[in-house]
Amino acid sequence: KLIDMGAQIILCDPHRATVIGLNRKSKLRGIEMTSPDIRAGVALLIAALSAEGKSVIHNIHQIDRGYENIDKRLNAIGAKIKRI
98 KLIDMGAQII LCDPHRATVI GLNRKSKLRG IEMTSPDIRA GVALLIAALS AEGKSVIHNI
158 HQIDRGYENI DKRLNAIGAK IKRI
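Count along the sequence shown from 1, add 97, and you get the number used in my numbering.
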């Protein structure tokens, strides 16, 4: 899903990937996505926070299993997260 958001990711081999983040010409864009598990869900959440536009993450109970009240904690430091 990160590639769908516009991320530049190069798979080097089955164990390594290179993510290009600095000096990008285009920014990440918000999309609708589904959290497959805790770690991937948080990665999607972080990407969504840095993306332009609205992102929707489904299956958020995966994130909640590992990060209690993450929406409230991130909103307290300036994020704009709304549960729907």
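For the record, the hints were derived by calculation from the structure and aren't laboratory data.
Be aware that one or more of the hints could be misleading.
Said to hold, decoys possible - Think about it this way: if two alpha-carbon atoms lie no more than 30 Å apart in a straight line, the pair counts; the simulated DSBU-like pairs of lysine-lysine are:
| # | residue 1 | residue 2 |
| --- | --- | --- |
| 1 | K169 | K124 |
| 2 | K98 | K122 |
| 3 | K98 | K179 |
To be verified - What follows is a list of derived Cβ distance ranges for each label pair:
| # | residue 1 | residue 2 | range |
| --- | --- | --- | --- |
| 4 | N172 | R113 | 31 to 41 Å |
| 5 | H112 | K169 | 33 to 43 Å |
| 6 | N172 | D110 | 33 to 43 Å |
| 7 | I174 | L108 | 11 to 21 Å |
All C-beta atoms, glycine included, are put in the ideal place defined by N, C-alpha and C.
Right, here's what the structure says about each hint:
1. With a C-alpha separation of about 25 Å, the suggested pair K169 and K124 falls inside the 30 Å cut-off, and the hint holds.
2. The hinted pair formed by K98 and K122 meets the criterion: a straight-line CA distance of about 19 Å does not exceed 30 Å.
3. For the hint pairing K98 with K179, the CA-to-CA distance comes to about 20 Å; that is within 30 Å, so the pair holds.
4. Distance hint check: the CB atoms of N172 and R113 are about 34 Å apart, consistent with the given range 31 to 41 Å.
5. Separated by about 36 Å at the C-beta atoms, H112 and K169 satisfy the suggested range of 33 to 43 Å.
6. With their beta carbons about 39 Å apart, N172 and D110 fall inside the hinted range of 33 to 43 Å.
7. Between I174 and L108, the C-beta spacing of about 33 Å breaks the proposed range 11 to 21 Å.
Of the numbered hints given earlier, the model fails hint 7 alone.
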